[in-house]
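When you get a sec, could you build the whole thing from the sequences and use the hints?
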Amino acid sequence: MLNNLKVRLNNLFKKDTVIHNLELVQDFIVISLCIGLFSVMLLRLGDMFFSLMHLHKSQQIISDILFILIMVELFRLLVVYLREHRISFGSAVEVAIVSALREVILYGILEIQLKQIIGVCSFLIVLGVLLLIRLVISRLSKTDSSENDPKSSMEEVIL
Numbered sequence: 015m016l017n018n019l020k021v022r023l024n025n026l027f028k029k030d031t032v033i034h035n036l037e038l039v040q041d042f043i044v045i046s047l048c049i050g051l052f053s054v055m056l057l058r059l060g061d062m063f064f065s066l067m068h069l070h071k072s073q074q075i076i077s078d079i080l081f082i083l084i085m086v087e088l089f090r091l092l093v094v095y096l097r098e099h100r101i102s103f104g105s106a107v108e109v110a111i112v113s114a115l116r117e118v119i120l121y122g123i124l125e126i127q128l129k130q131i132i133g134v135c136s137f138l139i140v141l142g143v144l145l146l147i148r149l150v151i152s153r154l155s156k157t158d159s160s161e162n163d164p165k166s167s168m169e170e171v172i173l
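In terms of our numbering, the sequence shown is residues 15 to 173.
Any given hint could be a false lead.
Calculated lysine to any residue pairs in the SDA-like style (CA-CA distance at most 20 Å, straight line) [unchecked claim]:
| no. | residue 1 | residue 2 |
| --- | --- | --- |
| 1 | K156 | L146 |
| 2 | K29 | Q40 |
| 3 | K28 | Q40 |
| 4 | K29 | L19 |
| 5 | K129 | L141 |
| 6 | K129 | A114 |
| 7 | K28 | N17 |
| 8 | K129 | I111 |
| 9 | K129 | L115 |
| 10 | K129 | S113 |
| 11 | K129 | L146 |
| 12 | K129 | I139 |
| 13 | K156 | S102 |
| 14 | K156 | L145 |
| 15 | K156 | L144 |
| 16 | K28 | V39 |
| 17 | K28 | V44 |
| 18 | K129 | V118 |
| 19 | K129 | I119 |
| 20 | K156 | F103 |
| 21 | K129 | A110 |
| 22 | K29 | H99 |
| 23 | K129 | V140 |
| 24 | K29 | D41 |
| 25 | K29 | V39 |
| 26 | K156 | G104 |
| 27 | K28 | N18 |
| 28 | K129 | E117 |
Here are the simulated distance ranges between beta carbons [stated by the list, open to error]:
| no. | residue 1 | residue 2 | range |
| --- | --- | --- | --- |
| 29 | L145 | I119 | 17 to 23 Å |
| 30 | F103 | I132 | 21 to 27 Å |
| 31 | L66 | V86 | 15 to 21 Å |
Note that these hints are calculated values from the structure, not bench results.
Glycine included, every Cβ here is placed at the ideal spot set by N, Cα and C.
Okay, structure coming up:
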């Protein structure tokens, strides 16, 4: 009886089992975020529809549209995580870029102080450089893999 309990406890606290259980909890959290994000998207879409009926400022409407697009990108980011258990770097950078541009559109370029404009521009430049670095690294890894595998380089030539 005592040995049986020890075996069960050992199986429960094995590294693979603990990691699997933590991943299940994390998946539950991400699914909850997806449901919440989808609900907020629907509510904001309804609000935007009613604001179109009253013809508010076009700046606010554009900002609302960009906000919904940001939420769609975040939803897509969460779905990619659920499928592949990794974060899509490209999608995350896209969300950051669109978010920064939304803030500029929301406040208007003429109403933003020079320091904030320089900060947003610097932020966008850094994100662009990160995307370029990612592109270069992915191309270098493809080149390295094709040099190590002559069959794959022949297939690329044929394609």
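Structure-based check of each hint:
For the proposed pair K156 and L146, the alpha carbon gap of about 15 Å is at most 20 Å, so the pair holds. With a C-alpha separation of about 16 Å, the suggested pair K29 and Q40 falls inside the 20 Å cut-off, and the hint holds. For the hint linking K28 to Q40, the alpha-carbon distance of about 18 Å falls within 20 Å, and the restraint holds. Under the criterion of a C-alpha separation no larger than 20 Å, the hint pairing K29 with L19 is consistent with the structure, at around 18 Å.
Between K129 and L141 the alpha-carbon distance is near 18 Å, which keeps this suggested pair within the 20 Å criterion. About 14 Å separates the Cα atoms of K129 and A114, which keeps this hinted pair within 20 Å; it holds. Simply put, K28 and N17 have alpha-carbon atoms about 16 Å apart, close enough for the 20 Å limit, and the pair holds. A distance of roughly 18 Å separates the Cα atoms of K129 and I111; the hinted pair therefore holds under the 20 Å criterion.
Straight-line distance between C-alpha atoms of K129 and L115 comes to about 16 Å, which keeps the hinted pair within the 20 Å bound. Taking the CA atoms of K129 and S113, the gap is near 18 Å; set against the 20 Å cutoff, the hint holds. For the hint linking K129 to L146, the alpha-carbon distance of about 26 Å lies beyond 20 Å, and the restraint is violated. Distance hint between K129 and I139 is fulfilled; the C-alpha atoms sit about 15 Å from each other, no more than 20 Å.
At most 20 Å may separate the alpha-carbon atoms for a hinted pair to count; K156 and S102 meet this at roughly 18 Å. The straight-line distance between the Cα atoms of K156 and L145 is roughly 17 Å, inside the 20 Å bound, and the hint therefore holds. Using a Cα cut-off of 20 Å, the hinted pair K156 and L144 holds, with the two alpha carbons roughly 18 Å apart. Of the pairs offered as hints, the one joining K28 and V39 holds, with about 17 Å between alpha carbons and a cut-off of 20 Å not exceeded.
With a C-alpha separation of about 24 Å, the suggested pair K28 and V44 falls outside the 20 Å cut-off, and the hint is violated. In summary, the hint linking K129 to V118 is supported, as the alpha carbons are separated by about 13 Å, within the 20 Å threshold. Distance hint between K129 and I119 is fulfilled; the C-alpha atoms sit about 16 Å from each other, no more than 20 Å. A hinted pair counts as satisfied when its Cα atoms are at most 20 Å apart, and K156 with F103 qualifies at roughly 18 Å.
Distance restraint check for K129 and A110: the Cα-Cα separation of roughly 19 Å lies within the 20 Å cut-off, and the hinted pair is therefore satisfied. Taking the CA atoms of K29 and H99, the gap is about 18 Å. The hint holds against a cut of 20 Å. Between K129 and V140 the CA atoms are separated by roughly 16 Å; this keeps the pair inside 20 Å, and the hint holds. Restraint check: the Cα-Cα separation between K29 and D41 comes to about 18 Å, which is no more than 20 Å; the hinted pair holds.
Straight-line distance between C-alpha atoms of K29 and V39 comes to about 16 Å, which keeps the hinted pair within the 20 Å bound. For the hint pairing K156 with G104, the CA-to-CA distance comes to about 18 Å; that is within 20 Å, so the pair holds. A distance of roughly 16 Å separates the Cα atoms of K28 and N18; the hinted pair therefore holds under the 20 Å criterion. Taking the CA atoms of K129 and E117, the gap is about 14 Å. The hint holds against a cut of 20 Å.
For L145 and I119, the hinted distance range of 17 to 23 Å is satisfied, since their beta carbons lie about 21 Å from each other. Evaluation of the 21 to 27 Å hint for F103 and I132 yields a pass: the beta carbon distance comes to about 25 Å. A C-beta distance of roughly 18 Å is found between L66 and V86, which places it inside the suggested range of 15 to 21 Å.
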